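Colleague: Chain by chain, the residues run as shown.
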Amino acid sequence: MNGTAVLHSIIDGVLTGSVYALMATGLTLIFGVMNIINVAQGIFVILGAYLSYALSVHLGIDLFVGLAITIPTLFVVGIVVERAFLTRLKGPERVVMSILVTYAVSLVIEGVLNLVFSSNYVELHAWYVNRSVKVFGTYLPYIYLLGFAMAVVMLTALYVMLYRTRFGSSVRASLADQTSAALVGINVKRVSTICFGLGVAVTAAGGMIYGATNAFNAASSYDLISRLLVIIVLGGMGSLGGALVAGITMVTIEDLVGVVWGPVWSNLSFFLILVVVLSLRPQGLFGKQSVRVA
Amino acid sequence: MSSSTAFLSFEGVVAGYGGGDVLKGVNFTVQEGGVTCIVGPNGSGKSTLLKTVSGLLHPRLGQIIFKGTQLVGKSPREILKLGVVQVPQQHSLFREMTVEENVSLGAFLVRDRGEVSRRLKSVREMFPIVATRAKDKAGSLSGGQQRLVEFARCLMLEPELVVLDEPSMGLDPKTLRAMFDTVKLMNEMGRTVLLVEQNARQALKLSHHGVVLENGQVRLTGTGKDVLDNPEIGALYLGGTIQAQSQAPEDAAIKEAE
Numbered sequence: 001m002n003g004t005a006v007l008h009s010i011i012d013g014v015l016t017g018s019v020y021a022l023m024a025t026g027l028t029l030i031f032g033v034m035n036i037i038n039v040a041q042g043i044f045v046i047l048g049a050y051l052s053y054a055l056s057v058h059l060g061i062d063l064f065v066g067l068a069i070t071i072p073t074l075f076v077v078g079i080v081v082e083r084a085f086l087t088r089l090k091g092p093e094r095v096v097m098s099i100l101v102t103y104a105v106s107l108v109i110e111g112v113l114n115l116v117f118s119s120n121y122v123e124l125h126a127w128y129v130n131r132s133v134k135v136f137g138t139y140l141p142y143i144y145l146l147g148f149a150m151a152v153v154m155l156t157a158l159y160v161m162l163y164r165t166r167f168g169s170s171v172r173a174s175l176a177d178q179t180s181a182a183l184v185g186i187n188v189k190r191v192s193t194i195c196f197g198l199g200v201a202v203t204a205a206g207g208m209i210y211g212a213t214n215a216f217n218a219a220s221s222y223d224l225i226s227r228l229l230v231i232i233v234l235g236g237m238g239s240l241g242g243a244l245v246a247g248i249t250m251v252t253i254e255d256l257v258g259v260v261w262g263p264v265w266s267n268l269s270f271f272l273i274l275v276v277v278l279s280l281r282p283q284g285l286f287g288k289q290s291v292r293v294a
Numbered sequence: 295m296s297s298s299t300a301f302l303s304f305e306g307v308v309a310g311y312g313g314g315d316v317l318k319g320v321n322f323t324v325q326e327g328g329v330t331c332i333v334g335p336n337g338s339g340k341s342t343l344l345k346t347v348s349g350l351l352h353p354r355l356g357q358i359i360f361k362g363t364q365l366v367g368k369s370p371r372e373i374l375k376l377g378v379v380q381v382p383q384q385h386s387l388f389r390e391m392t393v394e395e396n397v398s399l400g401a402f403l404v405r406d407r408g409e410v411s412r413r414l415k416s417v418r419e420m421f422p423i424v425a426t427r428a429k430d431k432a433g434s435l436s437g438g439q440q441r442l443v444e445f446a447r448c449l450m451l452e453p454e455l456v457v458l459d460e461p462s463m464g465l466d467p468k469t470l471r472a473m474f475d476t477v478k479l480m481n482e483m484g485r486t487v488l489l490v491e492q493n494a495r496q497a498l499k500l501s502h503h504g505v506v507l508e509n510g511q512v513r514l515t516g517t518g519k520d521v522l523d524n525p526e527i528g529a530l531y532l533g534g535t536i537q538a539q540s541q542a543p544e545d546a547a548i549k550e551a552e
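Chains A and B, in that order, are what the protein sequence lines are.
Residues 1 to 294, numbered by this note's numbering, are exactly what the first sequence covers, in order.
Residues 295 to 552, numbered by this note's numbering, are exactly what the second sequence covers, in order.
This is chain A alone, in the form it adopts within the complex (with noise of 0.2 Å):
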């Protein structure tokens, strides 16, 4: 272990944690307006790095001019599943049926997704991919540095959307408390749909840095979606905040471990972060104590 192995570490964390940051997002805000666990959110990052694959091998398409399509196309694909099969879901086991309902909806492109490219694994490639830039010393691959400042420009769009724009306004107001939000002439169901649609949409992003920087198969989803909810757990279920603080603060500890105890540890690092916040702040760190009035 030296400082620059370290100082690597925290740049790398930092910068792939946002990524997570974002991803992990779009997770929050679906059960902060809907009170829907969506554990369909690692399969549709998946989903999202083989649509940028399927256009990069098949068609040419740059990875981050593909996403001019794959984000759109995983609105879309949010939209259908929520209309399909969550809208269905009411009363006071809506939050345990969707999570069955999304890890049926999981199982379900999980399946397709093997069939359709098999269960090899598989990477993403660019020319910012495989080459990097030397910054403090240490060589930071161009993927990571475009991947953070892809982060960090959806993450503003979707903060100026929240509290710049009207439908931010309805966005925030449904956060809160829905009953309210109805009652001031906020269309609750559709505010739903569309963030629905957002949460997944940004999957897109992040699966596409996700699959320029490791490879992956179908069942990668598991690792991720596992991480993605200890994220949204650390930050407190429905916090923006949390999501982007967590995101950042766990995958910087985890590399940070990897480095100083090996990299054995890191992962268990993760979780073990998990329990010791909890065990201290049930809520998450940005979590309200207060029960949710559905």
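Calculated from the structure, these hints are not laboratory results.
Keep in mind the model is a prediction, meaning the values are calculated, not measured.
Note that the Cβ used here is the ideal one computed from N, Cα and C, for glycine as well.
Heads up, a few of these hints could be off.
[What the hints assert, rightly or not] Below 27 Å or equal to it, Euclidean Cα-Cα: the simulated DSSO-like pairs (lysine-lysine) are:
#	chain 1	residue 1	chain 2	residue 2
1	B	LYS431	B	LYS415
2	A	LYS189	B	LYS368
3	B	LYS361	B	LYS375
4	B	LYS375	B	LYS478
5	B	LYS519	B	LYS499
6	B	LYS415	A	LYS189
7	B	LYS368	B	LYS415
8	B	LYS318	B	LYS368
9	A	LYS90	B	LYS318
10	B	LYS361	B	LYS478
11	B	LYS468	B	LYS519
12	B	LYS431	A	LYS189
13	B	LYS478	B	LYS468
14	B	LYS468	A	LYS90
15	A	LYS90	A	LYS189
[Said to hold, decoys possible] Reference listing, derived: stretches of chain A covered by chain B, where coverage requires no fewer than 3 residues with Cβ under 8 Å from a Cβ of chain B:
#	region
16	182-188
17	275-281
Mind docking chain B on chain A? Use the hints.
Modeller: Below, chain B without anything else, positioned relative to chain A:
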């Protein structure tokens, strides 16, 4: 109260939750321009009735007609567009949003930003707290202040009918009086008010009409004074005991504050 037109009418309204009916055939009318107060013991269906007006609960049977338009089956949004606004029993401000954001959301259905600004200005004049605490989070206000901001928010839509569900709930006696004064003021500004209130005597005093609901049905209607003076009403509130004619504890508290 300027006319005796049937502004809002309930015709055989049956509604409830799950398998049971809370409202078992409610019939009465609300006159335009007045304050109508619905009173009744706990569990009589007062709040349930208001939920059917605002579209939060759809009746199983019956009709609710507002100025000739059927409200049954309409969404809260469609009902708001007709000019019917409800302030619910529980505090309904968005706690993490500022006072100004909350009040502006009252005009969510109004697309014209200039018009929203004009209404905001007018509401600020009526409720100074909207201006003085504009940038504070709504969750930092006291219960009484939150209620006033909720009133301000509901007026942003310039509604024809304001539906208030137990506005005095959780307020201290002094704030209670200010709240009732505001209800009166809203009515004087031309808003028809339909009010459910546990603090029955105080509410009936300012109401033009009173409706007594018992076990999901209308037991008595009349002027506010008629209902107030009816000897059976006290008994209904106090569980049929000999305390029927005694003052409600809330009234005593108000007098003390005065």
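Colleague: Please go over all the hints and tell whether each is borne out by the structure.
Modeller: Against the structure, the hints come out as follows:
Distance check on the hinted pair: LYS431 (chain B) and LYS415 (chain B) sit about 19 Å apart at the alpha-carbon level, within 27 Å; holds. Of the supplied pair hints, the one linking LYS189 (chain A) and LYS368 (chain B) holds, its CA atoms being roughly 14 Å apart against a limit of 27 Å. For the hint pairing LYS361 (chain B) with LYS375 (chain B), the CA-to-CA distance comes to about 13 Å; that is within 27 Å, so the pair holds. This hinted pair checks out: LYS375 (chain B) and LYS478 (chain B) have alpha carbons roughly 24 Å apart, not beyond 27 Å.
Only pairs whose Cα atoms come within 27 Å are accepted, and LYS519 (chain B) paired with LYS499 (chain B) is accepted, the gap being roughly 7 Å. The suggested pairing of LYS415 (chain B) with LYS189 (chain A) is violated, with an alpha-carbon distance near 31 Å, which exceeds 27 Å. With a CA separation close to 31 Å, the supplied pair LYS368 (chain B) and LYS415 (chain B) exceeds the 27 Å bound. Annotation: proposed proximity of LYS318 (chain B) to LYS368 (chain B) holds, straight-line Cα distance about 21 Å (limit 27 Å).
Between LYS90 (chain A) and LYS318 (chain B) the alpha-carbon distance is near 25 Å, which keeps this suggested pair within the 27 Å criterion. Among the hinted pairs, LYS361 (chain B) with LYS478 (chain B) is consistent with the structure: their alpha-carbon atoms are about 22 Å apart, no more than 27 Å. For the given pair, LYS468 (chain B) sits about 23 Å from LYS519 (chain B) by alpha-carbon distance, which is consistent with the 27 Å threshold. In summary, the hint linking LYS431 (chain B) to LYS189 (chain A) is supported, as the alpha carbons are separated by about 26 Å, within the 27 Å threshold.
A threshold of 27 Å between alpha carbons decides the hint, and for LYS478 (chain B) with LYS468 (chain B) the separation of about 16 Å falls inside it, so the pair holds. The hinted pair formed by LYS468 (chain B) and LYS90 (chain A) fails the criterion: a straight-line CA distance of about 42 Å is larger than 27 Å. Between LYS90 (chain A) and LYS189 (chain A) the CA atoms are separated by roughly 12 Å; this keeps the pair inside 27 Å, and the hint holds. Three residues within the 8 Å Cβ limit are the bar, and the region 182-188 of chain A against chain B gives 6, so the coverage statement holds.
Counting residues of the region 275-281 of chain A whose CB falls under 8 Å from any CB of chain B gives 0; the rule of at least 3 is not met.
Of the numbered hints listed earlier, those contradicted by the structure are 6, 7, 14 and 17.
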